[in-house]
Structures are given as C-alpha cells and as structure tokens.
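Each chain, letter by letter, is given below.
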Amino acid sequence: MKLPYLPNHDESSFFDFVSTHHPGLTPGGHGVVPADRWAQPESARSGGPMAVPHATTVLAIKYQQGVVIAGDRRATEGFQIADRRIEKVFKIDEFSAMAIAGAAGPCIEMARLFQTELEHYEKLEGMQLSCEGKANKLGQMVKANLPMVFHGLVVMPLYVGYDLKRAEGRIFKYDLAGGRYEESDYHAIGSGGKDARNTMREYFQKNLSEPDALKLALTALYNAADDDVGTGGPDLVRGIYPTAKFVTAQGIADVADDRIRSVYDSMIAVRRSRET
Amino acid sequence: MPMPYYVSPEQVMQDKAEYAKKGIAKGRSSIAMEYADGILLTADNPSASLHKVSEIYDCIAFAGAGKYSEFENLRKAGIRHADLKGFMYSREDVTGRSLANGYSQSLGTIFSQELKPLEVEILVVQVGVNGQPNEMYRISFDGSIIDERNFAVIGGKSDAVQTVLKEKSSGQAPSLETALSRCVSALEQTANFKLPPEGLEVAVLERHRVGRKFRRLPVADIRLLLSV
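Taken in order, these protein sequences are the chains called A and B.
Counted the way the numbering used here counts, the first sequence spans residues 1 to 276.
Counted the way the numbering used here counts, the second sequence spans residues 1 to 228.
Think of the hints as simulated: they come from the structure by calculation, not from any bench.
Remember, predicted model here, so these are calculated numbers, not experimental data.
Hints are not guaranteed to be accurate.
[Stated by the list, open to error] Here are the simulated EDC-like cross-link-like pairs (lysine to aspartate or glutamate), alpha carbons at most 16 Å apart as the crow flies:
| # | chain 1 | residue 1 | chain 2 | residue 2 |
| --- | --- | --- | --- | --- |
| 1 | A | 2 | B | 72 |
| 2 | A | 215 | A | 265 |
| 3 | B | 85 | A | 109 |
| 4 | B | 16 | B | 114 |
| 5 | B | 21 | B | 159 |
| 6 | A | 2 | B | 114 |
[Unchecked claim] Chain A side only, calculated, beta carbon under 8 Å to chain B, not exhaustive:
| # | residue |
| --- | --- |
| 7 | 3 |
| 8 | 6 |
| 9 | 9 |
| 10 | 14 |
| 11 | 25 |
| 12 | 113 |
| 13 | 116 |
| 14 | 126 |
| 15 | 136 |
| 16 | 203 |
All C-beta atoms, glycine included, are put in the ideal place defined by N, C-alpha and C.
Okay, chain A solo, but in the shape it has when bound (with noise of 0.2 Å):
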C-alpha cells in the first residue's frame, strides 16, 4: 500500500527512483533544455569543448592482489586550468571505486549518485549487488547520460571492482551510449588515455606485485601528462601528487600520498640522470 508523507517506490534501486519521482536530481535531468534552445556559450558554437572543467586521465591495472586504480588532478576550462586538485578516483563501496574522465561537474554526482545507488540496494535488500551487477548498473547510468552528452557534457567512468566469487579484481570501460566492456589487464581513459596505454602496454605483466603495480601506474600517468596539456603530472612546488587506490579482497585501500611522493622522487631522478 502507499504511505502518505513517505517517498513510494517499487524497486530497490534509487537510480530509478530519483529519475521517475525527483529527476531534476540526475545528472541525465529529464527536465533538460531542448539542444536547439540550449544557449551554447561561443566555444561550443565554434566547435570547441564547451567551457565546462573537464577532468582528463584516470587508468587502472590489474595485479596479483587486485587492481590499482589512479588519476591525476587535473581540471581544464579549455585552455585555462579549472583546478590543481580535483579528486577523480572515487570509493564507491567496500569493494569498487571508479574514476572519471569528461565534464567534472555530472561526473562527481554520478560517482555519487551511484554510491548512493549501491548503499541502497545493499540496505533495501539485505545484501550487496554482485560486481558484474554494479558495472551493469554504472552502464545504465551512463546510458541516461546521453541527452547530455549532446550539449558538451560527457561522463566516461572507468569501473573497477573485487569481484569476491571469483576472487579476482575486474575493470569495466564504458562508451557514450552506456555499453560495457570488461577489459582483462588494463586500461586509461580521458585526454592523455591514449599516452597512458601506450606506456601500460609496454612494460605491463600478469601478476605484476603491488609495488611494481602502483608505480607503471604513476609512470603511465607522468607519461600522459609529459604528451597532454590536460593532464597534469606531479605538482613539485605545490606537493600535488596523482591520487591511487588498492582494490583487493580486504577491501579498498588509498595509497598514503607519502609513499606516491617516493615513488616520483626516485622516477624523477632517474629521468633527470638521463638528461646530463
């Protein structure tokens, strides 16, 4: 029966409950401004990226543990930098996170939008959702974005999970119209991607060990930021470093920003040996 002066809904998932009951509240929002009445600033009308922060490189590798998953801090406004720290790994429960490359704004409120969507399911029916039907869900999510995509605003997550039945970590790529793909070793998403799997590609091995792990993974995105204006590498005078996060069967662990600062210290080091 309904309660009155209580929000109704039939299923569990709050994704589907906020689109029908408080669109305004996705990042989809069904309430949008049709494309045609939408006043698009200059740069969107010339073609360029619309003048929204962009968040660009995140990547994630398996190892033997799990899978490492790390971004750097980057947010551009075209040519201008939005923002030194953004954070772009996110904890989404226990046992996932997701990283974030496109429109900074719709992407941090899906990532929380979909924390929320997993804690309700797991608090509604008594137990969690698979990790297959996490990504399944995040597909969704995606998929809904579409409409927006159309006015600038892209929201491209890179999902990795534990999957505790297999005993193994997992990393799921989406496209714009919510397709899911799992990916079996590794992968980088966002403006300086392409560099970051070039890097990955070359010096990436099964059951890699969670050191050498974390720092092809800081490697990878010092690379993509050396060939990308919109990535940003390690921040020296600052102390801005790329943020990362463990995956395994304990759950999720950040990596101390300390032990990021060794690992570019010495990365950094040699390089700088090569050019004398």
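Following the hints, position chain B against chain A.
Quick look at chain B alone, frame taken from chain A:
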C-alpha cells in the same frame, strides 16, 4: 426514508485501535537499549533472513514489530527518505527526528483515514556522535510518537518486558555484555522459555565506527558476549 447508519467517531477509533493492538500482541518483542558505546538492538526472531532490525543510515537504525509485510514496507520507505535527503543535501543532514516525524505522519494518516490501520509498532534510533545524546523514538500504529530514554520496547509483550527492564536498569549506561544479557533475560522472562543465540537477532550502532555505524552481530559473537 431509511436513516443513514451512524457510528460515533470514538467507537470507530476504538475499534481500529483494538484491531491494531490485537495484531501487534501476536508478535514477539524487540528492545533497543543504550549502552556505553552506542545503541544495542535485540529482537526475539527465530528467522535468520527475515529481519526485524535494520540499518537506515549512518547513525540511524530501525526495528519493527507486528505484521512483517507492513513494517517492511515502512522500513524501505524510511531508507528511501534517508538516502534521498543524504543525496540531496549531505550525509550529516539526515536525522532520526525527521524520519520519526515522517513515520508518525504516515501512520497517523493511515490510522484515521483508512479502513484498516497498520498493525505495527516501530522504533527509530539514532546514535549520538561528537558529544550529542542518543535519540530513540517509539512510534505506534496510530502515529503517536514517544521519545524514550535508556531503553525502548516494542512488540507483543512490550509492557511486561518494560517492567522487567525498569527493575534492572541503573543510572549508568551499561557495557555491551551487560546490556545484551539484560535484554535477553527480559525477553526470556516474558516469553517463558530459553532463547538460544540462534533465535536472537542482534545489531549495534557503534558510536566510534567510521561512516556507517550499523553492524549485525553474528551468532558466534552473541554467544561470546552472553558467556561473559
């Protein structure tokens, strides 16, 4: 001309209340009790999968007694209410008071307007963090809401359980072990039989946990706590 059939509003309400009370009286009891590090929820529940106690949000838990389908529906609506608020505003803006008010409004409206009242009694408890006190609300089938201290009881023999607990309670918040054994013995005394750890559903809201503070205690933990 036939006269319309008249029943006084007092009579209608009385009949409805009696009907709801009868439904609730058939069920077993659940207890929420404050202990040193949070709130303990204990339910006499032989089923391991059909829960009477559940998590609502970071600091908020729910317990229901009476008709399962009806309090389950209320539980789900409560989670939706809390998650929506937390998503729309922020996690710290989700409060037990607002949820308890929502439940009270809803139950009150159903009681006065629907033919059949809900045969439920529910508890909304919130563990206080950063020096805030705990909050415990007991909400009845007619929407009446009671702010409880130290412990709160719902279900079939709630009055009897309450009397037993009142005798035992001291001013100080007990340790988890003491609180659990008090709850279990109160439930046993009123049920008149021994409750095995498998027949109990126990959960806690732990004040010092980071993030979501609700935790179910597995049978092994219950046995261990009761053996102390």
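Taking the hints in turn, this is what the structure says about them:
1. 2(A) x 72(B): 13 Å, holds
2. 215(A) x 265(A): Given that 16 Å is the threshold and the Cα spacing comes to 11 Å, the pair holds.
3. 85(B) x 109(A): The given pair, whose Cα atoms are some 15 Å apart, holds under the 16 Å limit.
4. 16(B) x 114(B): It holds: about 10 Å lies between the C-alpha atoms, which stays within 16 Å.
5. 21(B) x 159(B): 12 Å, holds
6. 2(A) x 114(B): 11 Å, holds
7. 3: 5 Å, holds
8. 6: 4 Å, holds
9. 9: 6 Å, holds
10. 14: 6 Å, holds
11. 25: 6 Å, holds
12. 113: 7 Å, holds
13. 116: 5 Å, holds
14. 126: Interface hint status for residue 126(A): holds (7 Å vs cutoff 8 Å).
15. 136: 20 Å, violated
16. 203: 36 Å, violated
Of the numbered hints stated above, those contradicted by the structure are hints 15, 16, listed in ascending order.
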